[in-house]
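Colleague: The residues making up each chain are set out below.
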Amino acid sequence: MKKLYFYLMAATAVLGTACEKKLNLANPDALESEVVFSTEARLKGVLVGNYAALGAAAFYGSDVIWMSELLASDGELNWVGTFNEPRQIITKGILVNNSNVFATYRDCYRVIFNSNNILANLGVVKASERAKVEGEALALRAISYFELVKLFGEKPYIAGNTTALKGVPLFVGPGPSAPQSEFYRAPRASVEAVYTQVIADLIKAEAQLPPTNGVYFTKQSAALLLSRVYLQQGRFAEARDAADRAIVAATGVNQRLVTAYAGAFNNSTNTTEDLFTIQVNLVAGTNSCFSFFSTGTYGARDGDIEVNPKHMNKYTAGDARAALFFFENGFHRVGKWRDNNRNVKVLRLAEAYLVRAECNSRLGTSVGATVADDLHRTRARAGLARIDNPTLANILAERELELAFEGQGIWDAKRLRQSVDGLAWDNNRLTFPIPLRERNINPGLEQNPGYN
Amino acid sequence: MTGVLLLLCSAVFAQKTVTGKVTDSKDGTPLPAVSVRIKGRTSGTATANDGTFTITLPKGTNTLLFSSIGFADQEVDATSAVINVSMGLSASSLNEVVVVGYGTSVKREITGVVARVKGADVQNMPVPNLNQALQGRAAGVFVESQNGKVGDGIKVRIRGATSINGSNQPLYVVDGIPLAGGAVGSSTADINFNDVESFEILKDAASSAIYGSRAANGVILITTKRGRNGKTRFNVGAQYGMNEPTNRRDFLNAQEYISLLRQAGRGAAEYHMRPDGGNNANGFADLPAAYTFFNNLINTRLDRYSGFRPFRGGKDWRPAETGAALVDTDWQDAIFQDAPVSQFDISAQGGNDKTKFFIAANLNDQNGILVTNRFRRMGARINLDNQVNDWLKIGITSNLSKITRNRVPDDNAFSTPMQAVALAPITPIRDSLGLLFDRPVATYYNPLIEFESGINRTEGFRNQGSIYANINLAKGLTLHTDLGLDMIIQNETRYWGPRTLTGAAAAGGTGQSSEYWFRNTRWMTNNYLTYAGTYKSNHKYDVTAGFAFENLEERFTEAIGEDFADSYFKTVGNTVTPATAEGSFARNNLVSGFGRLNYSYAGKYLLSGSVRLDADSRFGSNSKSGVFAAGSLGWIMTEENFMKGIKFLSFLKPRISYGTTGNNSGIGFYDATTQYGPGTYGNAGGLRISRFGNDDLRWESTASLSVGLDFGLFNNRITGEIDWYEKLTTDMLLNTPTPATSGTQAVFGNIGSMTNKGVEFTLNTVNVSGKNFRWSTSFNLANNRNKLTKLDGDQQEILPADSRFANAIIVGKPLGVFWAPKFLGANPDNGDPVYVKTGGGTTRFYDEAEKMVVGDPNPDWIGGINNTVSWKGLELSVLFQGVFGNQVQDGAGGFMSAGFDWFDNQTRDQLGAWKQKGDVTMVPQARLGWLDGNADAINISSRYVYDASYVRLKNLSLAYSLPAKLMTKLGLQSARFYATAVNLLTFTDYPGWDPEVNTDYRSGNVNQGSDFYAAPQIKSVVFGLNIGF
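Chains as they are written, first to last, in our numbering: chain A, 1 to 452; chain B, 453 to 1481.
Hints listed in this document are in silico derivations from the structure and should not be mistaken for laboratory results.
Predicted, not measured: the structure shown is a model, and the values here were computed from it.
Among the clues, some could well be false.
[What the hints assert, rightly or not] So the derived list for chain A, only partly shown, Cβ under 10 Å to chain B, looks like this:
no., residue
1, Val283
2, Arg362
3, Leu401
4, Leu403
[Claimed, not checked] Result set (BS3-like, lysine-lysine): computed pairs, CA atoms no more than 25 Å apart in a straight line:
no., chain 1, residue 1, chain 2, residue 2
5, B, Lys1076, A, Lys21
6, B, Lys1324, B, Lys1223
7, B, Lys1076, B, Lys1223
8, A, Lys22, B, Lys1417
9, B, Lys1096, B, Lys992
10, B, Lys927, B, Lys491
Where is the CB? At the ideal position from N, CA and C, for every residue including glycine.
Using the sequences and the hints given, assemble the complete structure.
Modeller: Here it is as structure tokens:
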């Protein structure tokens, strides 16, 4: 018995020391957060990962694009898919529990969260690289807040009264590590405050980014994004200048429009015209516009979004852009989104020319080029005749067709004060509701007018 | 030499030889193969064919134990040299030996709550999963198959659910080794339950706390058959039969489809043109214009769905409008298959004083009711025990099996067979070339394509087993040590041909293939000492103490490739473009110590206590280990002198237990730390936050109080148990929703509390026990009330944000109640849906409707009643099982019972839709959901919540055994022919396919009671025979 007791004691002692090791097992599939921001390489890894977050399905991969187009449908599109949440969007009968709406809200903030962490740990990046890394993080944050304030802001910016209008909660520093913290239950900042932040971020990003930066944000993509922001605000001179700077930076590194319009779409690698895209390939990235705009013939769903003659009638004969549509099951389909696993177009050089043209036309200037020259770039490519004395209407019509179904639909309609499906440009139903889920958790978050 | 002889003689004189005969108390026929053991020893013998036995009792032993399956165990003192025993049916289970954690006990002395189901009771049930065989047989054990997919998920709840994020399934322990889980299908389906001797269900803390951090949901101990002394007995069994769906649902036929569609078109037009209606976004000039628009739309669609125009090999739909349909497809015909089932078993069982064995092999082939769905299992078992000498016994338990599953996709996939019911009845199944119709003719992807040109097969290989040694260290002191292994290897092979949805989307449009390998290995060792004895004859005790170590490893690899050079190729290795390579590896260690003391005084006062210490690698650095303890008391009152006078009362034992158990399954192996995983963008590798951690993460803790009464009446012809319990779960792991502004939408923490309270009744009676006729009844009924008592303290609810399902987490309510608007029916004036409005009144707008609890997926009562009647060689067994007081939400209602929200075929109840002013109906006006439509009417509300109580004829079995005389002539031990039916009849008000449902793709602790194109349960009828020789 004594012997036994001894053996038991010995076994317990051995077990005790073995235990410590047995109970601390590291995950071979993930890095612990303490070490992630410890080196430059890992911080840059988080930056790359943040582009993947930007490319999440509900964000630029690419729900925000078809959402904008469904909101702007104005009888030009039909939603015939079985999913009734996108149908709520096209009918402007969005329920507060719409899960597409929530997913977009969530995924925008995920990019912001990552950027804030990167920005707070820039110290580990060597000085020569720091400006670029910071610029990218800022651009990622800016594009997220810009989408948020457009989608969820109480009214469009041009409705005025922007300091009283509610935007979205604004976080520009890293928060506590505990996500349940009160910190994240902030109320909505004003539309003005969000726009101010977006502009400040983009100005800094544009200044610090190089014109060549692989598939990531560049000087010209930040500038074109900035011009979009100014355009929403109706600040045409700033928009013009930013678009001009985008063109100068882009052409400085041999970026130019591709020869054929069809060649600008369904690309696996960036074309010379692409200022920014979301990278999609077989392994990573999603392109939900493909899923909904394309058809079963190309491996998509059943052709959930149909194009009505109301849109097709806008093209004049011989317009190459009309030829890009394909016809299936009695309806035209958007050929820009025809193929699977292709990059999502976010910013194209063509847009910069059209913004510069529009603003020069509005302001009676010819910064960078004449209005007629800028307008003719995309028209010439589409096989259309030159307009020697273009009117603003000519430019806006050209813009509508050149950028059709690339996500600018509702934002152009709003800033141009056009009614959509019988609703005025500032109608409550053209704004998303703050998701029910967010308000359940954060009752201080006020709902947009027109929603419960 | 003389010395040797003397020694031998003295040995002989110290022993005593006993002979005798064992007979059946019913008719006096001899009982062969009855186990005769010497109490306190492992040695023994078995009766011969004529029921006789001879056994030698060593010095100091005086008691014989007689046991045989189906008969009550008997303990007889060997006071004379001839002992004849008459054995009766085991209606009284009080003297049964019951398996408990790390040991055995006698039922009458148990102070915890242990339900026992004998393997013999569920033998040959034609179901793949042992849990299905247990359904309705034990009080407080709720079993629910998610759907009728063979061999897939099953929910088991013992005394209610204790967790939101963890598993609420019990811990399964097979011959001392906890079961590992597979990646595909239900891992308990891997076990051939014809090999099982008994199932012991440990329900309270006193019985389960010795399993510590994994015992909060109860423990099911599965003990397989082992060898017996005596001649080797063979048993051969075979069965064959058919599976069918329990129910079919009525959908619109071709004529009704067209006519209701037209009605829905008119309804939509009228709604849009109403002053308070839709927004007339298409700008119809007037109502006739709107009518025309919808009519044209419908005609275009009918042309398309019939495959008639543009001509694609279909037939004109127009005759259907007048009732002379050229095509009238019931898609259920196409998705349900003829489903034969068969099973073949063979076993041999025998041994001698030194070595005993049980070896068995089985083949089980169950075709599911859904097209291609199939489950096949083949297995072999060897259980071997060897008494090496008087102090050492060693043995092995080994089971090898191969399980092949042909599966069908989850219920939410367009490719799952059941979604074919959405297709139009005017659509033919095949075109003139024999090809299955797909879009654009089919309304949606035709799921049959998935099975005609796809492969979805999982092969699982499972190796479960252990070796053990029992060492007698001293009188009463035994050391048990074992080493066990449970290894599952699963290989899922999938292929999607060029016509499938996935195959067409793949690069080249020529198909896609994937290969998935999963391996789960658990190895473990248990080492414990048992010391049992008696002190001064009145104090009886046994003590168990030991330690255990377990290591669990999960590994998977998956490769997906696209594009094939030739249609002959189907495997991933032959693809042109490799698309995905994935894999992961995870480990978990559990280090434990445990102990138990059982003490009884004078055979009437019982006391038991147990403790376990578990240290688990998965928990947060601040709380790696925990202690779980329980104690219980019992009092056998009928042993008291003052009770002796009450003749009818043969047994009465009040008992009480209290203790704490844990649940470690709420978090993954590495969930306690904040981590970044890989996040590829384009061709660059990046890092993405993959987990928000918490250093304080620990097991969930459940304290249970259980009070009960065991009783026996009229010489134990009536026995029963009444139990009351209350369980309080604290430190519940919750994936607490966080504001999405924090970068994540949820984070884990130990924050919630929940209670379960309930009562259980068990009653076993022998109603008639005649010479030829016998009738016994076993009845159980249980009630459980689950209530969430705390979330994080501030938060009172986690409400659903889903348009199809309404499961909510609300403090003060049971888990998963349905939180949705209350639907009152159609407005008699205009056919609008009517909801109760927030702040009073009614509304037609979904967003204005007040949300409230409109149903509860948790049953109030569950029960079962089994009657067994035998007359001579015939035996009839009838098991009814019931579930009462729960509701089911039909998430697919918004598609299939939605007044043509879209072109999905509708259930026939939609014919009752509102048509004109004054109509009083629960079905709103049918409005083809074109523009504004009726999106308001088809979101989840009480409209799609139904009462799902049911009573089922779970098992009906009629068997005939050949008379003993005839068998002797044939040289057989036994011959039994039987017919068995499972789920033969179902009585319910649930309008869907089957009330026993929880759609697989979202099933969980909160997401309960959901229907979504879930396959109905399987009804089986089989015929079989068992021959013993």
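Colleague: Now tell me, hint by hint, if it's right for this structure.
Modeller: Now the hints, each set against the structure:
The closest approach between the C-beta of valine 283 (chain A) and any C-beta of chain B is roughly 6 Å, which is under the 10 Å cut-off, so the hint is satisfied. Because the smallest distance between the Cβ of arginine 362 (chain A) and any Cβ of chain B comes to about 31 Å, over 10 Å, the interface hint for this residue is violated. For leucine 401 (chain A), the suggested interface contact is broken, since its CB lies about 23 Å from the closest CB of chain B, more than 10 Å. Given hint, leucine 403 (chain A) at the interface with chain B, is violated; its Cβ is 23 Å from that chain's nearest Cβ, farther than 10 Å.
Between the alpha carbons of lysine 1076 (chain B) and lysine 21 (chain A) the distance comes to roughly 12 Å, so the proposed pair stays at or under 25 Å and holds. Proposed proximity of lysine 1324 (chain B) and lysine 1223 (chain B) is supported: the alpha carbons are some 8 Å apart, at most 25 Å. As the CA atoms of lysine 1076 (chain B) and lysine 1223 (chain B) are separated by approximately 61 Å, the hinted pair breaks the 25 Å bound. A threshold of 25 Å between alpha carbons decides the hint, and for lysine 22 (chain A) with lysine 1417 (chain B) the separation of about 63 Å lies outside it, so the pair is violated.
Proximity of lysine 1096 (chain B) to lysine 992 (chain B) is assessed by CA-CA distance (about 22 Å); at most 25 Å being required, the pair is judged to hold. For the hint pairing lysine 927 (chain B) with lysine 491 (chain B), the CA-to-CA distance comes to about 14 Å; that is within 25 Å, so the pair holds.
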